[in-house]
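The whole structure should be built from the sequences, with the hints applied where relevant.
2 protein chains.
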Amino acid sequence: MTLENLQHSLDYRFDDAGLLHRALVHRSYGRENNERLEYLGDGALNFVIADFLFRKFAHRAEGDLTRMRASLVRRETLAEIARPLGIGAVLSIGAGEARSGGRQRASLLANALEAVIGAVYVDGGFGECRRVVRALFARHLAVLSPDHLDIDPKTRLQEFLQKSGRELPEYTVEKTGGEPHCPTFEARCIIPGVSRRFSGEGPSHRIAEQQAARRALAGLQGDG
Amino acid sequence: MTLENLQHSLDYRFDDAGLLHRALVHRSYGRENNERLEYLGDGALNFVIADFLFRKFAHRAEGDLTRMRASLVRRETLAEIARPLGIGAVLSIGAGEARSGGRQRASLLANALEAVIGAVYVDGGFGECRRVVRALFARHLAVLSPDHLDIDPKTRLQEFLQKSGRELPEYTVEKTGGEPHCPTFEARCIIPGVSRRFSGEGPSHRIAEQQAARRALAGLQGDG
Numbered sequence: 005m006t007l008e009n010l011q012h013s014l015d016y017r018f019d020d021a022g023l024l025h026r027a028l029v030h031r032s033y034g035r036e037n038n039e040r041l042e043y044l045g046d047g048a049l050n051f052v053i054a055d056f057l058f059r060k061f062a063h064r065a066e067g068d069l070t071r072m073r074a075s076l077v078r079r080e081t082l083a084e085i086a087r088p089l090g091i092g093a094v095l096s097i098g099a100g101e102a103r104s105g106g107r108q109r110a111s112l113l114a115n116a117l118e119a120v121i122g123a124v125y126v127d128g129g130f131g132e133c134r135r136v137v138r139a140l141f142a143r144h145l146a147v148l149s150p151d152h153l154d155i156d157p158k159t160r161l162q163e164f165l166q167k168s169g170r171e172l173p174e175y176t177v178e179k180t181g182g183e184p185h186c187p188t189f190e191a192r193c194i195i196p197g198v199s200r201r202f203s204g205e206g207p208s209h210r211i212a213e214q215q216a217a218r219r220a221l222a223g224l225q226g227d228g
Numbered sequence: 005m006t007l008e009n010l011q012h013s014l015d016y017r018f019d020d021a022g023l024l025h026r027a028l029v030h031r032s033y034g035r036e037n038n039e040r041l042e043y044l045g046d047g048a049l050n051f052v053i054a055d056f057l058f059r060k061f062a063h064r065a066e067g068d069l070t071r072m073r074a075s076l077v078r079r080e081t082l083a084e085i086a087r088p089l090g091i092g093a094v095l096s097i098g099a100g101e102a103r104s105g106g107r108q109r110a111s112l113l114a115n116a117l118e119a120v121i122g123a124v125y126v127d128g129g130f131g132e133c134r135r136v137v138r139a140l141f142a143r144h145l146a147v148l149s150p151d152h153l154d155i156d157p158k159t160r161l162q163e164f165l166q167k168s169g170r171e172l173p174e175y176t177v178e179k180t181g182g183e184p185h186c187p188t189f190e191a192r193c194i195i196p197g198v199s200r201r202f203s204g205e206g207p208s209h210r211i212a213e214q215q216a217a218r219r220a221l222a223g224l225q226g227d228g
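Chains A and B are the protein sequences, given in the same order. Mapped onto the numbering used here, the consecutive letters of the first sequence carry residue numbers 5 to 228. Mapped onto the numbering used here, the consecutive letters of the second sequence carry residue numbers 5 to 228.
Don't take each hint at face value.
As the list claims (entries may be wrong) - Each pair of labels, with its calculated beta carbon distance range: (1) A:Arg-138 to B:Glu-205: 44 to 52 angstroms; (2) B:Thr-70 to A:His-12: 26 to 34 angstroms; (3) B:Thr-70 to A:Gly-34: 18 to 26 angstroms; (4) A:Leu-172 to B:Glu-39: 28 to 36 angstroms; (5) B:Glu-39 to A:Leu-7: 37 to 45 angstroms; (6) B:Glu-80 to A:Ala-93: 44 to 52 angstroms; (7) A:Ala-142 to B:Ala-110: 37 to 45 angstroms; (8) A:Ser-75 to B:Ala-21: 15 to 23 angstroms; (9) B:Asp-19 to A:His-12: 34 to 42 angstroms; (10) A:Arg-201 to B:Arg-87: 27 to 35 angstroms; (11) B:Lys-167 to A:Ser-208: 21 to 29 angstroms; (12) B:Thr-70 to A:Ser-75: 16 to 24 angstroms.
Said to hold, decoys possible - The calculated DMTMM-like cross-link candidates involving lysine to aspartate or glutamate, where the alpha carbons are at most 20 angstroms apart (straight line), are: (13) B:Lys-167 to A:Asp-156; (14) A:Lys-167 to A:Asp-156; (15) A:Lys-60 to B:Asp-127; (16) A:Lys-167 to B:Glu-101; (17) B:Lys-179 to B:Glu-205.
Unchecked claim - Under 8 angstroms between C-beta atoms, here's a sample of chain B residues computed to sit facing chain A: (18) Gly-47; (19) Ala-48; (20) Pro-196.
Treat the hints as calculated values from the structure; they're not laboratory data. Every residue gets a Cβ at the ideal spot worked out from N, C-alpha and C, and that includes glycine.
This is the structure we're talking about:
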């Protein structure tokens, strides 16, 4: 795997190959790394995806577009796209990072992919960047549907509170029991200005919080 | 104030004036409102500002760029820019919203400005959108400096935890006393995997949380 192969896979040839090289330097390798390009690429990626969804789903509400975008630009999806491009193999990373499996780590791959997208933008401009991003995400974009999204109860609660002009909820989670390999957690959902407290239980922080949010939403909608 | 004046102030003339019209319809006015354009404009704005900062501050780290962008695209800054454009006067809003001062409300003005930016992008493409955004933000961009940023302790704590691969903190806040016009709050900062609890007090949620974050950061850095 070489930078030559990667440019072929991206269907984009850099005028300044130094930009692509820089996009593939993790911060564990040195000060001259890809963090600034990642920052730029993250912005480019979010906007290109927003634009695509805005046009493709012309009759969908903003909330659906936001959720679809979140499902596409999350770390796991980016790493799925970065892996077959062989980005892990050409990444410059520190020795310690390499020993601990850094080349396979989703966060490093996702960040490097964003940096590559940023580098394409700097090198070729917005039109080329949009073309490359759409091609990279083509398979994911093709199967995307707002109806397939399982909306997180925390998101639904947040949207409900925002629509009614309320402040956002705060969550606290405590481990309440279970074996070390199988803990249980209890989450409390606290909503500013609402005296009732809602709680949820589950095998992870996330699931306990989701249950608390689901109960809060049911409780508040029942009040309305 | 008319849409004609607004186009003059934006230094942009719409091919499809219907897009500008749509960008100025708040959801309280009807189903055909500006929420989708706001979604698109938010993405465009964030990217144009990211691009500007990336180029202007070529030797600044990603964290500085992120904080500078956050200071520019926050609601208050957007409303400051929207007000002299006269967006409040030409906004279509529901009668109830109008009676409660909606035309002066920062959130409505900020969202409408984002929708206008989205409309410019749809109508004129990325180059025109970038030109209009840079002109709108020119005064704010000119005085921006990473050294002027007072970094929020919550942000610093979050960055510290992310760098050390830890989970993000959770905050809870309770009102603990004070007169109705002058309440006091106590915040607790809970960090997953850290048994110590850090607390802070202050006259608002935000200030109490900031103090708790400052203490948590001091405590954890002391451990390291």
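Worksheet item: How does the Cβ-Cβ distance of Thr-70 (chain B) and Gly-34 (chain A) compare with 18 to 26 angstroms: does it lie in that range?
Response: holds, 21 angstroms
Practice prompt. Below or equal to 20 angstroms on CA atoms is what counts here, so check Lys-60 (chain A) against Asp-127 (chain B).
Written response: Satisfied, since the Cα-Cα distance of roughly 17 angstroms is no more than 20 angstroms.
Practice prompt. Using 8 angstroms as the Cβ threshold, decide whether Pro-196 (chain B) counts as touching chain A.
Written response: holds, 7 angstroms
Worksheet item: Taking the CB of Glu-39 (chain B) and the CB of Leu-7 (chain A), does the distance hold inside 37 to 45 angstroms?
Response: holds, 42 angstroms
Worksheet item: Should the hint that Glu-80 (chain B) and Ala-93 (chain A) are 44 to 52 angstroms apart at their CB atoms be regarded as holding?
Response: holds, 46 angstroms
Discussion item. Hint Ala-48 (chain B) vs chain A: min CB-CB distance below 8 angstroms?
Written reply: holds, 6 angstroms
Fill in: Satisfaction of hint between Asp-156 (chain A) and Lys-167 (chain B), Cα-Cα up to 20 angstroms
violated, 27 angstroms
Worksheet item: Per the hint of 27 to 35 angstroms, is the separation of the Cβ atoms of Arg-201 (chain A) and Arg-87 (chain B) within bounds?
Response: violated, 40 angstroms
Worksheet entry | Given hint Asp-156 (chain A) paired with Lys-167 (chain A) - CA-CA distance at most 20 angstroms | holds, 17 angstroms
Worksheet entry | Whether the CB-CB distance between Thr-70 (chain B) and Ser-75 (chain A) falls inside 16 to 24 angstroms | Because 23 angstroms falls inside the window, the suggested range holds.
Discussion item. Looking only at beta-carbon atoms, does the pair Leu-172 (chain A), Glu-39 (chain B) fall within the given range of 28 to 36 angstroms?
Written reply: violated, 19 angstroms
Worksheet item: Is the hinted range of 37 to 45 angstroms satisfied by the C-beta distance from Ala-142 (chain A) to Ala-110 (chain B)?
Response: holds, 40 angstroms
Taken one by one, the earlier hints fail for this structure at numbers 4, 8, 10, 13, listed in ascending order.
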